[in-house]
Structure formats: structure tokens, C-alpha cells
Amino acid sequence: MKKTHIIALVLIAVAIAVLISYMGNVTTYDTIASARKNEGKFVHLVAKIDKSKPFVYDPIKDPNYLAFTALDTLGNSIDVVYRNSKPTDMEKSERLVLGGKVKDGRFECKDILLKCPSKYKDDIKAAQKELNASTETY
Amino acid sequence: MNYTGEHLLPGQIGHFFAVLSLVASLVATLAYYSANRALLPADKQSWLKLARGAFLVETVSVLGVFSCLYYIITNHYFEYKYAWQHSDRIMDTQYLLSGFWEGQEGSFLLWSFWHCVLGWILIATTKKLEAPVMTVVSFAQFCLATMLLGVYVFDLKIGTSPFVLMRNEGMFDNAPAFRDIATGALRQDYLSLIQDGNGISILLQNYWMVIHPPVLFLGFASTIVPFAFAYAGFVNNNDEWIKPVLPWASFSAAVLGTGIMMGAAWAYESLSFAGYWAWDPVENASLVPWLILVGGLHTNLIYKSTGYSLRTTYLFYFLSFILILYSTFLTRSGILGDTSVHAFTGADMNVQLYLFMALFIWLLNVTGAADIKQKLIVTGFFVGTLVAGYFYPPTMLLSFFGGLGIVYYYLQKNVPSVNKEESSYSREFWMFIGALVLFLASIIISFKTSVPVFNKLLGTKMANPEEPEFSYNQVQIFIAIIIGILTAATQYLRYKDTPKQLFVKKVLWPTVAAIALSLLISVFGGIQYDKHGVGFLAAIHIALFASAYAVVANASYIWIGLKGKLKSAGASVAHVGFGLVLLGVLLSSAKKEVLSKNTSGIALFEKTKNEDPAENMTLFQGIKTDMGKYHVTYVNDTFGHEANKRFFKLAFEHKATGENFTLYPDVIKGKGDNAEPAANPDKKHYANKDIFVYVSSWLDADKADTSSFQPREMKTGDTTFYSNGFIVLNKVDINPAQVNRPVNPGETVMLLDMTVFAKNGAQYPVKPGIALAGNTIRNLQDSVIAQNLVLKFNKVKDEKNGILEIGLKEASIMNNAITLKVYEFPFINILWIGIIIMVIGFIMSIRYRYRMRKLNVVK
Chain D
1 MKKTHIIALV LIAVAIAVLI SYMGNVTTYD TIASARKNEG KFVHLVAKID KSKPFVYDPI
61 KDPNYLAFTA LDTLGNSIDV VYRNSKPTDM EKSERLVLGG KVKDGRFECK DILLKCPSKY
121 KDDIKAAQKE LNASTETY
Chain P
1001 MNYTGEHLLP GQIGHFFAVL SLVASLVATL AYYSANRALL PADKQSWLKL ARGAFLVETV
1061 SVLGVFSCLY YIITNHYFEY KYAWQHSDRI MDTQYLLSGF WEGQEGSFLL WSFWHCVLGW
1121 ILIATTKKLE APVMTVVSFA QFCLATMLLG VYVFDLKIGT SPFVLMRNEG MFDNAPAFRD
1181 IATGALRQDY LSLIQDGNGI SILLQNYWMV IHPPVLFLGF ASTIVPFAFA YAGFVNNNDE
1241 WIKPVLPWAS FSAAVLGTGI MMGAAWAYES LSFAGYWAWD PVENASLVPW LILVGGLHTN
1301 LIYKSTGYSL RTTYLFYFLS FILILYSTFL TRSGILGDTS VHAFTGADMN VQLYLFMALF
1361 IWLLNVTGAA DIKQKLIVTG FFVGTLVAGY FYPPTMLLSF FGGLGIVYYY LQKNVPSVNK
1421 EESSYSREFW MFIGALVLFL ASIIISFKTS VPVFNKLLGT KMANPEEPEF SYNQVQIFIA
1481 IIIGILTAAT QYLRYKDTPK QLFVKKVLWP TVAAIALSLL ISVFGGIQYD KHGVGFLAAI
1541 HIALFASAYA VVANASYIWI GLKGKLKSAG ASVAHVGFGL VLLGVLLSSA KKEVLSKNTS
1601 GIALFEKTKN EDPAENMTLF QGIKTDMGKY HVTYVNDTFG HEANKRFFKL AFEHKATGEN
1661 FTLYPDVIKG KGDNAEPAAN PDKKHYANKD IFVYVSSWLD ADKADTSSFQ PREMKTGDTT
1721 FYSNGFIVLN KVDINPAQVN RPVNPGETVM LLDMTVFAKN GAQYPVKPGI ALAGNTIRNL
1781 QDSVIAQNLV LKFNKVKDEK NGILEIGLKE ASIMNNAITL KVYEFPFINI LWIGIIIMVI
1841 GFIMSIRYRY RMRKLNVVK
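From first to last, the protein sequence lines stand for chains D and P.
Note that our numbering has the first sequence beginning at 1, numbered continuously upward.
Note that our numbering has the second sequence beginning at 1001, numbered continuously upward.
Since the hints were made in silico from the structure, they are not lab data.
Be aware that one or more of the hints could be misleading.
[Unchecked claim] Once the Cα atoms are required to be at most 30 Å apart in a straight line, the calculated DSSO-like pairs of lysine-lysine come out as:
#1 K1461/P x K110/D
#2 K41/D x K1683/P
#3 K110/D x K1683/P
[Unchecked claim] Label pairs and their in silico Cβ distance ranges:
#4 K1456/P x D79/D: 30 to 40 Å
#5 A17/D x V1534/P: 13 to 23 Å
#6 L74/D x A1656/P: 55 to 65 Å
Please read all numbers here as calculations on a predicted model, not as lab measurements.
Don't be surprised by glycine CBs; every beta carbon is placed ideally from N, CA and C.
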């Protein structure tokens, strides 16, 4: 066997080991119910903002405190706290991916990914809405 | 029915050209393919003639589609969905271009356009290789043309046309305003109701959006050239392509690299991602082909000089383009929706996008197959796994990896290789190891990026790790160490074999110098990034050495190895640039500092290993605030020439040195009343660091304040109380000499001269009033910021007795306030300079190779 082959095999083995260890690090997309069950475990929730509940962000008092209630597709909800500034356009977002963990019944959120109609204009419904809104003045 | 004001002709012409381009590219593909197969020179010539003619028609068609679409956008023909979705009337001209390539269709067009440009350069320069190389380019053009077709074949939609009309796309289905009340049909004059387009996303209204996509797509398009050259070798079973491909591979690496880093610079300069690289899937998807291409470039050099690594060169050039197609699939199919901040969302083109990639794998399989039987078997495999994948998604993995496996099998079978072992003291040995490491790094990155794809196919629910960026960094830092050291030392080895002592003698001084330099950085640099433990910190320091080594050793090599002959120093220069990039990345990330820490003294929450403390701070207008090393004052805000852009003037003052500077971060407001603004940062550049500021949120006191004005009746000399003192009305000034607010010509101004006496003894003059012009009255409020007090003049209550009504408001928030995030990025310039040097190195080596070939031809 050539040296290059041996080194190649070793490197491939390392790469596989790295990927396997990565598999150990991945988290899961979870429902609110199962996130509550696994308190303290880092999970990702796919949810939306519960518009009927208060949405708290007052940069005057504390620019690093955002609190709202998230609602998942199964209808469960949970209070979310995000200790950072409010992402732009967050209220308009129809879908949020929240990374964090449940602690004392609240979801301590570490990062928020937004799915905004404004950014994703291939979404025909959002575009129609926009179109309607633009003509409402007539 | 004819609708008033529609312009249907440009769309019809555009669509005609789109169809023509499909046909022409198909003809060109078949003609080039036949030209390559033809044995008789006369046949070959006639096929080539036909092929070039077809490619000319193809080029004209692509330009035609391009022009029609651009014409529609610049003329604001909002009856076209593309124009309505991606442009509006108030956009600056350069952003109309951004709008052009914001959508799927426009960006495919851009890609197609570059293929045309590259195609003609290839036709002019490749001579014998023209037929096979252009077969591939034309075939890619054919695939791209299908993306713009927008026709249905048995319910299956092929492509999306950029020339579809709003009214045909169901855009008015839920819009009663556009419908005739009596009949419910679309109004004949519906177009007059569309006042303006939707415009491009405010995040994209930026000059980077004008230049980044064309460069990136030129990079994408150019990766087809090494693929096509390798295909030429594969189909004709020779290695004639190995020299002419070199300048092209360098070109592709330079342009794709520039395109990627322009994206990084954009993210850093003007998006509030707070950095230039986040291992976002979209970023990874274009980095991976670049890494593999660079690997291929190196194995290509090995083969040219020693005869080793031909198979690997084929494999890497093939993979590089296939991974470009994979990245196209990833970013456009919508599959990254939950993991990326900036992927397109689905336009129902998943199948087509996958086919685009799978067809090129199949092309290689069929090319490798020896006879008609094998060709049928691989085609059967291709069709069978695709159909099976339609019903049972996990089979798609078999389709993809099986296809690549077949490519690998035929490479082993058809491409010769040298069995003699390389010497450990040879350049090719270590270059090969380096290329292999780059390849494995790409595999690891691809695998992590593809998790959403696995989820989709296998039904799993894997999400990013808790710290996605660190999960990349912790692996890639070791890749950086290996690559850095290899980049440094390998140049000092000769091809085939190097006398041991000679190597040691030459490499010794650069090594010592690099150790000394990196020790200086490690000891005095103050790098204490222990957030991820001592092990990672140690890795950072080793990586610092590796990158310093790459810089020093390659710079010295220009003199030690090449005796200062700069003409042939392209590779060394590119390596110096690469080393600087690594160094810049390490220094700027490991020493990145948050300056806007919460300095109020109130701990909002405990700092833990994983959680940053408050990184945002609030500033009130006019109030000097303590921010670590600086005092910051939010002075005022102004509007730029774009009415929706608001600039915040921030005065910084360094506490220790007293240095002053002003920064103007801005926010752009989107359309509609509820639209939230998007932030653009501003930076103070120093030679050794950047102060990076952006407004993370902003509060308009007028809107946010909920308290209301209380009416008070007063006449001259009267006193009225407020919660913290009293106010005296001294006199009424009519047309005073001095008015501290802007007054329009022709207005009569009346001010109430008042004094506020606070409990603590402080006195504040205040002058609310009105400005009169004919029948219009403008209210001139005045306020005492320190007392949270706003005063205005309401009306004259009793003219005879001189009783006036004053409005008094004690506001909860007095001032406009902004929330600020401030970072310090040290040595970020090393990164940018490194990229520029690397690209210069690539250009130098392209020129050098080109001249060498010319000289060879003369000889």
C-alpha cells in the first residue's frame, strides 16, 4: 500500500469520526409539549407568535429583554424569553424557528430565525396581501 | 378582452427568445457532440459550423431575454409579475439591476449570460478541445433555458417564465378592488390601480447587491470550464486538456473566491449579521465547490509536473461543478427554510433543480461507460432510482451517491495512473495531502449543511447543534492548521525528490521567523478566547502560527526559491494572501469584542458559559452615555436623499485619549405603515481595527409616548405647577427676533416666553408657540428634556382678559431613543487585504500560464 493511501484512509477515518461526533451534537426540532418534557435540553421549536398574548419589548427599560408567547401547530403554547434585541420585522413573521431550552416552564430562547413574508416574496399569498394593502386607499 | 394600458409585446418577444434559446442550445449541444465524434475532418468542420451558428443564436436569444426583461423593469410595466415583485418606481437605477437578479428567473438569466460570454472565449481559444468543451457548456445552457420556460407538460410545470402577467398568475384572485362589482371579472382598467411595484426587500437595497451577484454568478458559471475540460479528457481518453485548463481553473478560483468574499464583505459592511461569516448553509454551499476546485487546481499541477494524481484531478473538477449544481438545488428549492437566513423559498422546482444536477452525473456515467450495454445499464440506474425516489424518497440518496460512485468506478477503470510511490520529500506528495485535506473539509461542511436534506428524505428531525458556528470552527481550525503549514513548507520541496539538507537549509529561516512572529502575537496579542475551553484556545494559537508560517514562508520563497522573479511568483503571492486571510479570520474572531455592554450596573442575568450578557445598550437623544472605553452621544437623526433612510448621528469620545469621531449608522424603513426598519451599520476604520456600530432598534418618542397634554389656563405673569416644580409665563412675543426653530417665509410667529423652575432650583427657559400663515397654524412645541416636560400653546381662551390655554405634558419618555450594538473587530483589514493579495496572485499565475503556452506554441 502506498503512503498516500494510508494517509488518505487515516484522514477519511478522522472525517467519519468528526461526522459521527457531530451527529451526537445535533439537536432536534421539537414540539412545545416534548420540549417541556425534556426540561433543560436544547431544542428547536417551530412556532408562531401568539397574537392574543402580550408581546413585550421596551428598549428603554431593557434593550436585551424580549418576551412573548409562542404557539406551535399542535396548539400548545409557551412563554418565551429572548435576552437580546428584537429581530427586525419579528411581529410580521408567520413562522419562527426558536433555539433554546425550557427552564422553569419558560422557553429561554438563544436564537430566533424568522420567516418573513416581506423577505420571501415568492410566497404568493403574502404578495396578494401586499397588493390588496396597496390599493386600500382607493 | 383587452385591458387598458398593458404592454404585451416585450413579454411576447422575451418569451419567444426564451423558447428559441432552449432550441438553439439543444442544437448546439447535439452538433458539438457530433463534431467531437466525427472522424473525418470535413464532417467535423461542418458540425462545428452548425454548432457555432447554434451557439450564436443561443447567445442572441439570451441577450434578447435579458434585454426584454430589463426593458420591462426599467419601464415599470407592472402588469408583469416579475416587474411588480422585484421593482418599484422610487428605486434608484442601480437597484433596478438588483431587482433584476433578486428573483430566481433573473439570477438564472445572469448565470446563462456568463456562460455565453465564457462560451465565446472558449470557442476562440480552445482549438482542438472546442467540441467536447462546448458540448458541456451548451448542455448547461439547455438546462438553464428550461428553468425559464414556464410551460406545462402533462401537469408538470417546467421552469418559471419571468414574463408571466399578474392577471394570469392569480394575483388578483383575492383582491376585490381590482374586480368589477357587477360581474366579478377583472376590471378593464385594472392596471391604473397598480400605482407601484412591491420593490426589493429593504435588506437588499444596497450597492453590494448590485455587484455581488454578477461576480458570484461569474464564479458559478466559470466552474463549468474545468468540468468541461475534464469531460473532454474523459470522453476522448487523453490528457490534452491538462495544460490549457490551468489558467481557467485559476480564473474560476479567483472569481468564485472574490464572489464569496464579496458576500462576506456585504454581510459585514451593511447587514446587521454582526460579522462576515456565519457558516450559513448558503455561504457553505458556495464555499465547498471553491475548496474542491482549489484542491483540483493543485492535483492538476501535480499531474502536469509528475504524472501523478490524474484521477483525482478529474474527480475534483467534476465534483466542483456538481457541487455548484447542488448548491443551486439547496438554495433555490426552499429546503433550507429552517436553517438559513437567506435562502430562496420554493418555487415548486425541486424536481427540475435536482434533475439539473443528476443529469450532469448521468452525463459522466454514460461517457465513462465502455459500450452500449453499459450505457443502457447506467441510464437504467439513473431513471430507475429517480422514479423510485419519487415514491420512496430515501432512494434519492442512492441515486446521488450511486451516480457519483459510478463516476468514481469509471475513473478508476478508464484513467491511467502511476503505480510508483511518491517520495516523502517530494512536493507532489504533500500537495496531494493538502488537496485531500481540503476535500475532506468540504465533505464535512457539506454533510453538516445537508442535514435539512437528510431530514426531508429520511423523515428525521435533526436541527442545528446548540452552537452551530462553533461546531464548524472546532473542526475547521484543525484544517486551517494543516493547510497553513502545508502551504508554507511544501513550496520548498521540489517535485519528485528533494535533497533533505537542501530543504532544511532553505526552510529553516522562514520557519524560525514565523515561530518568532507568532510567539510575539501569542504573547503580546492578548488573545484569551477561552469561551470554549483551553483546548480550543491552544488550537487558536497553533493556527496563528500556521497562518503566520504560510505568510512568511511564501513571501520568502519569492526570493529564496524564485530569486525574486515576480513574473512566476503567482502561486506564492496567492499563498501569502491565503495565509493573511487565515490570520485575519483568527485575529478578528478571537479578539472580537462587544463594546456596547450593558454598563448600567444592573446585571440583567448571569453570564454563563453559553450565554452572552446584554450586548445592546440604549441611548437617549442628547444624553452622553458611558460605553466602556467610550462616551457616546446620540446627537440627532437625518434623512438621506432616499426618503426611507434615516441616519443617526452618533458622537464617540474616547475616555482615555479624548479622540472624537462621528458615525452614521442608518435604518431603512420598508413599505407599508407597519414595516419595521432594517439596520445598516457604520464603521470607524483604523489600521488595526474597526469599530462597528448598528442600531438594533429605535424608538420615536412622538409615537411611543402615551401620556397626553393637560390643558392649563394662564395669562402673562401667572404660575402653574407640575409634578416637579412650577412654570411662569413671562410674556408673549409676537414675531420675536430670534426663533430657535425653523420658520417658513411668510409665517407670523407667536411665542410664549416661559421659565420652568424645578424643585432642585434649576431654571429652564422654554418657548412654545405657533406659526401662522393665512388660515394654517403650525404648532411649535417646546420641551425641557431634563424635566421630561413638553409645552405647547393651545389657543387663546379669552381674548379680552388675555387668558391663554397651554398644553402641558409630563412625558414618560422624553427623547428619541435608540438601541445600539457596538463591536470592535481587530485586524479585520488583514482579512480583506489577504483576499485582494490572493486574487492578485491568481491573476499573476493566469498571465504566467498564458504566456508560457504562447511561448510553447512559438517553439
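**Structure-inconsistent hints, enumerated in ascending order** = Violated hint: only 2; rest satisfied.
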